[in-house]
Every structure is written in structure tokens, then in C-alpha cells.
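One-letter residues, chain by chain:
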Amino acid sequence: MSRKTIIAVIVAALVVVGVLIGIQQATKSSTSTSTYAKAFTADLPNVDQILNGIPQNGRVLGNPKAKVSIIEYMDYKCPICGDASKVLVPSVISTYVRTGIATIALRPVEVIDPVQSVNAAFAGLATAPQGRMWEFTELILRNQGDETTSWLTSAVLTAAAKTAGVNIAQWTPVFNGKAVEAEYFADVNQFSTDTSDAGLSEATPTFVVNGPKGGPIVFQGIVPLSTFTKAIATVSGGTA
Amino acid sequence: MGWDRSASDFRVRIGAAVLALVGIGITAYILWERYHGNAPVCALGGGCETVQRSYWSAVDGVPVALLGLLAYIALLGCALVPGQLAALASFFVSLLGVLLSAWLSYLELFQIHAICEYCVSSAVIVTIVFILSIVRMMLLNRDAGAG
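Here the protein sequences line up with chains H and V, keeping their order. The numbering used here applies: residue 18 is where the first sequence begins, and numbers increase by one. The numbering used here applies: residue 89 is where the second sequence begins, and numbers increase by one.
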């Protein structure tokens, strides 16, 4: 084998690898807002089915007269929160929220991305006054991009808000305003208190269950529905 | 007693074939789990799931594990076939593997911030196959020189 042949093979290998890396980089930047917008539109009927007919007051989903309250601390870019929104949270909603036993409230915090998770939290809180926070949040969580990339841009947030039925003209100034910022930092402080009081680390999703006879009961991650059943029974004095 | 070059070539090829088979096993397992919607079982932490779920585990929709599987099948074929052309093909494919593994290791360390032990194992295997393919070419060159 001549030296020329070997050099030609090495150059060919470098070219092939260069092309593969180039394709990977090019497709990364072209995963555009429209990809997410299409996914949100396609998933809207499923989200509607989960939430349809349940009252929403700001960030709280469920009958305001329900005796048990559930808080869900979540991060819009956290993949486990995404998984939770596909099976666990819909089960909790259908079993305990739709039936009027409990309410469930969203508290977006940041554990993944100090820029995009926080921005998404502001965007989510800004949909609450229009009663669309649950639609907005579930659409994003169920259609997340790769947590290692910067997929959750302002354009994607706007696409989710539009699909969720948010009035964008009213939403934009709230999203950019100081009120949601203050609300967010209050939640972050409460998240810190709730997790440390329970001896847990600041991870998402974290669920806090409170009721007339007890609480808070705090647990994290994708738990079985029976964990909610036991917690709700405990905080409501064994009547759930 | 002289050095039996053809026997050495045979041993090098057998070594490369065995490693290629291990590589086929690893990549086929990752691919199997991917197409069944699961992450590979990672003995050391949860890095495999993070890597497998990351954008970087595919090139324009084609899983990197599939590219690896095809490369290991090609390397197995090259190891089973004697001769210069097969040796050169083995050198080319294993060099591709080494370069791509280096890129993927960089991504794991600096972009994904997670390490997948299967990816590390594959990188080690393909690097050894690459070294074996250089040895094989050197043996064949000496043969050609002696002949």
C-alpha cells in the first residue's frame, strides 16, 4: 500500500466525519419554531381532553371548594416533569381534581436552565390571569425538546401561548412585566422552604399535598398514583 | 525459526473480528432499546438515558447507534476477508469510528454533560480495531516487500 493511498483514505475519512458533523449541526439550528408549533397544535385535543370542563382560577385547576390542595413545582425544561405530564398528572387530575376532591396548582421554578427555564416560568405565570396556564404548561411539558439544547426560545413560548388560546396582545406586557418576576421569586423561595422542611433536595417535579386534617406531605418524581391516594387520605382525615 | 507473518495476520484479523462482534452487540442493544422507547440500562449512574435522549444521539434522524452497528458489521466483514483491500477498508472504517467517537466523547463531556458507558466501551473497541488495522497493513506491507 502506497503512502498516497493511505493519505487519501485518511482525507476521505476526515471528509466523511466532517460532513456528518456538519449535518448534525445544520439540522440542530433548523429545528425551528414551526416544528414545536405543529406539535402543540397536534397535542391540543389531548390537553383539552385532560382539562376540559375543570374550572381554572389563575394557576389553580379544580373546584375552589375542594378541601385538599396539591402544588406541583415544575421546570418547563425538566424531562421528568415532561414524563409526569403524560401519565401521572392526567391521572391525578381525572381522579382527584375533576371529581372535586382536590385542586392542583402550578409553581414553575428553575432546576435545569437559568435562562430559558426562568423565562418560560415568567411566560407561564403570565398566562394565569387569562386562565390558560394549564393548557400552556401541559403543551410545553408534553412536547419538550432536548434538555441539553436551547430549544425553549421566546418564539416557542409564544407559539405555545397562541395554541393554548392566550390573547397575545394582553399576555406580552404581563410576560415582560415586573409582577410575574416577583411572583416567580416568591415561588422559588417557597420551593426552597417546602423541600428543605421535608428534608429533600430542590428537584422537580415536587408535589406538596395539604388538607384540613394534615399536611404538608411532600414527595418528588414520577410516583405511583397510590402515593397521592395515601397522601390525600391522610390530609383529609382518611375520607378520600 | 522465522516469524510466521500469515499466522500473525490471521491472529490480528481474529482479534478484530471478535472486537467487531462485541461492538455489534453493544450497538444492537442500544438500538433495540431506542426503538422500544427505552434508555439502555446504565450500571454507572443515569448517563446513558441522558445521552440517548439527547439531540446528539442521531444525525438528521438516523441514530448514531445505527451508524455504529453498520460500521461494526463492515469491520467484521473486513476482518473475515484476507488481503490488502479488506485491510485498507478496515483502516478507513475504523478511522471513521475513532474520529466520530472522539466527537461524541467531546459532546458527552461538554454539551450533554453525561457519560454513557456503552459509548465509552465502543470508543475503546473501535480504537483497538483501528490499531489492529494499522498492524495488519504493516504486516501486509512487509509481506509484499518480502515477496
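Among these hints, one or two may not hold up.
As the list claims (entries may be wrong) - Pairwise CB distance ranges, derived in the manner of DEER restraints:
#1 V:Gly-149 / H:Thr-22: 33 to 39 Å
#2 H:Asn-193 / V:Ser-193: 37 to 43 Å
#3 V:Val-169 / H:Leu-31: 22 to 28 Å
#4 V:His-124 / H:Ala-203: 23 to 29 Å
#5 H:Val-28 / V:Val-110: 25 to 31 Å
#6 H:Pro-72 / V:Val-212: 27 to 33 Å
#7 H:Asn-193 / V:Ile-219: 32 to 38 Å
#8 V:Ser-209 / H:Ala-199: 47 to 53 Å
#9 H:Pro-131 / V:Val-110: 55 to 61 Å
#10 H:Lys-103 / V:Tyr-123: 17 to 23 Å
As the list claims (entries may be wrong) - Which chain V residues face chain H? A few, computed with CB under 10 Å, are given here:
#11 Leu-155
#12 Ala-175
#13 Phe-180
#14 Leu-187
#15 Ala-190
#16 Ile-203
#17 Ala-211
Please keep in mind that the hints were generated in silico from the structure rather than gathered at the bench. None of these values were measured; they are calculated from a predicted model. Glycine is no exception: its CB is placed at the ideal position from the N, C-alpha and C atoms.
(request) Against the earlier hints, flag every one the structure doesn't satisfy and list their numbers going up. (result) 4, 6, 7, 9, 16 and 17
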